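Okay, so the sequence shown: first residue is -9 according to the working numbering, each after it adds one.
Just so you know, the hints here were simulated from the structure itself, not pulled from any lab data. Wrong hints could be hidden among the right ones.
[As the list claims (entries may be wrong)] When the alpha-carbon atoms are kept at most 27 angstroms apart in a straight line, the in silico DSSO-like pairs for lysine-lysine are as follows:
1. 127 - 148
2. 154 - 22
3. 220 - 135
4. 197 - -3
5. 202 - 50
6. -8 - 93
7. -4 - 124
8. 161 - 148
9. 197 - 50
10. 154 - 124
11. 243 - -3
12. 161 - 127
13. -4 - 197
14. 22 - 161
15. 154 - -8
16. 92 - -3
17. -8 - 161
18. 135 - 202
19. 161 - 93
20. 92 - -8
21. 90 - -4
22. 148 - 124
23. 22 - 220
24. -8 - 22
25. 50 - 22
26. 135 - 22
[Claimed, not checked] Derived DEER-like restraints, expressed as beta-carbon distance ranges:
27. 156 - 217: 15 to 25 angstroms
28. 215 - 48: 37 to 47 angstroms
29. 105 - 212: 22 to 32 angstroms
All figures in this text were calculated on a predicted structure; none of them were measured in a lab. Ideal placement from N, C-alpha and C gives every residue a C-beta, glycine not left out.
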Amino acid sequence: MKLHFKKTGSGEPLIILHGLFGSADNWYSIAKELEKQYTLYLVDQRNHGDSPHSDEWNYKVMAEDLNELMQDQNLDAAYLMGHSMGGKTVMNFALQYPEKVKKLIVADIAPRHYAVHHQSILEGLTSINLHEVKSRKEADDQLAKHVPEAGIRQFLLKSLGRNKEGEFIWKINLSVINDQIENVGEALDYDNSFENPTLFMGGANSKYIQEKDRADIDRYFPNNHLIYIKNAGHWLHAEQPQAVVDTVRAFLK
């Protein structure tokens, strides 16, 4: 699949993948800082952002999407960074194509299985009647019945777009995500390991990377470094962008 992406900056290539319900735009402020040293590829994963929709949605095909993008851009190897679902994608990619990954950064996700925990969000998104809502405010009001946190609603509604007729549409493939949400929590299952430097960057207030995850991290990524960003939860790049930028710069140097 030909993914939509934004390219900016100059220097060695750094590819960034967003998380579930997100898009490349989620990392734009981070990219504005990092583009001074690197050529950034901000990627919309399949069924998200401006990339194509597909009924097939799992880490095998998402890793192949990334491989196709690198081939199209004539990238023999690159630095890879992924958040949450994007972190699982780059982990899978690094284990399948280790020679194509110079260094790996995984933001607030571990190699293990995660139980489905997005029910209220999915219920809220599917409850919005796009044929009836006349404004984003109306969509937000409907979503608030299921998702009380204003910041999370603001993030989710970035995926609300309009078609050529001016009607509201979801840029995410909501039906496929809803039907196949279990796929996003899949654990890594490989016999090999990725030997190049790998940074696991967790939010100090998040529970996505726990002490029990160290065994899996060491197994698949033995040359790893685990740090936690202070005063940050799962969306650490939005909550503490400068700390994330500084950490990424230090690691890639």
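Evaluated hints:
1. 127 - 148: Cα-Cα ~13 angstroms, so holds.
2. 154 - 22: Roughly 30 angstroms separates the two Cα atoms, so the pair is violated.
3. 220 - 135: violated, 31 angstroms
4. 197 - -3: Since the Cα atoms of residue 197 and residue -3 sit roughly 32 angstroms apart, the hinted pair is violated (cutoff 27 angstroms).
5. 202 - 50: holds, 25 angstroms
6. -8 - 93: The hint holds at about 24 angstroms.
7. -4 - 124: violated, 30 angstroms
8. 161 - 148: The given pair, whose Cα atoms are some 9 angstroms apart, holds under the 27 angstroms limit.
9. 197 - 50: Status holds; Cα separation ~25 angstroms.
10. 154 - 124: OK: residue 154 and residue 124 at ~16 angstroms, within 27 angstroms.
11. 243 - -3: holds, 21 angstroms
12. 161 - 127: OK: residue 161 and residue 127 at ~18 angstroms, within 27 angstroms.
13. -4 - 197: violated, 31 angstroms
14. 22 - 161: Since the Cα atoms of residue 22 and residue 161 sit roughly 24 angstroms apart, the hinted pair holds (cutoff 27 angstroms).
15. 154 - -8: The hint holds at about 22 angstroms.
16. 92 - -3: Roughly 19 angstroms between the alpha carbons, so the hint for residue 92 and residue -3 holds.
17. -8 - 161: Holds, at about 16 angstroms.
18. 135 - 202: Not OK: residue 135 and residue 202 at ~35 angstroms, beyond 27 angstroms, violated.
19. 161 - 93: violated, 31 angstroms
20. 92 - -8: holds, 23 angstroms
21. 90 - -4: holds, 20 angstroms
22. 148 - 124: Satisfied, since the Cα-Cα distance of roughly 16 angstroms is no more than 27 angstroms.
23. 22 - 220: holds, 22 angstroms
24. -8 - 22: Holds, because 24 angstroms separates the two Cα atoms, which is no more than 27 angstroms.
25. 50 - 22: Given that 27 angstroms is the threshold and the Cα spacing comes to 30 angstroms, the pair is violated.
26. 135 - 22: Violated, at roughly 35 angstroms.
27. 156 - 217: 15 to 25 angstroms: Cβ of residue 156 to Cβ of residue 217: about 46 angstroms, so the range 15 to 25 angstroms is violated.
28. 215 - 48: 37 to 47 angstroms: The hint (37 to 47 angstroms, Cβ to Cβ) is violated, given that residue 215 and residue 48 are roughly 28 angstroms apart.
29. 105 - 212: 22 to 32 angstroms: holds, 27 angstroms
Figure legend: structure checked against the earlier numbered hints; hints not met, in rising order: 2, 3, 4, 7, 13, 18, 19, 25, 26, 27, 28.
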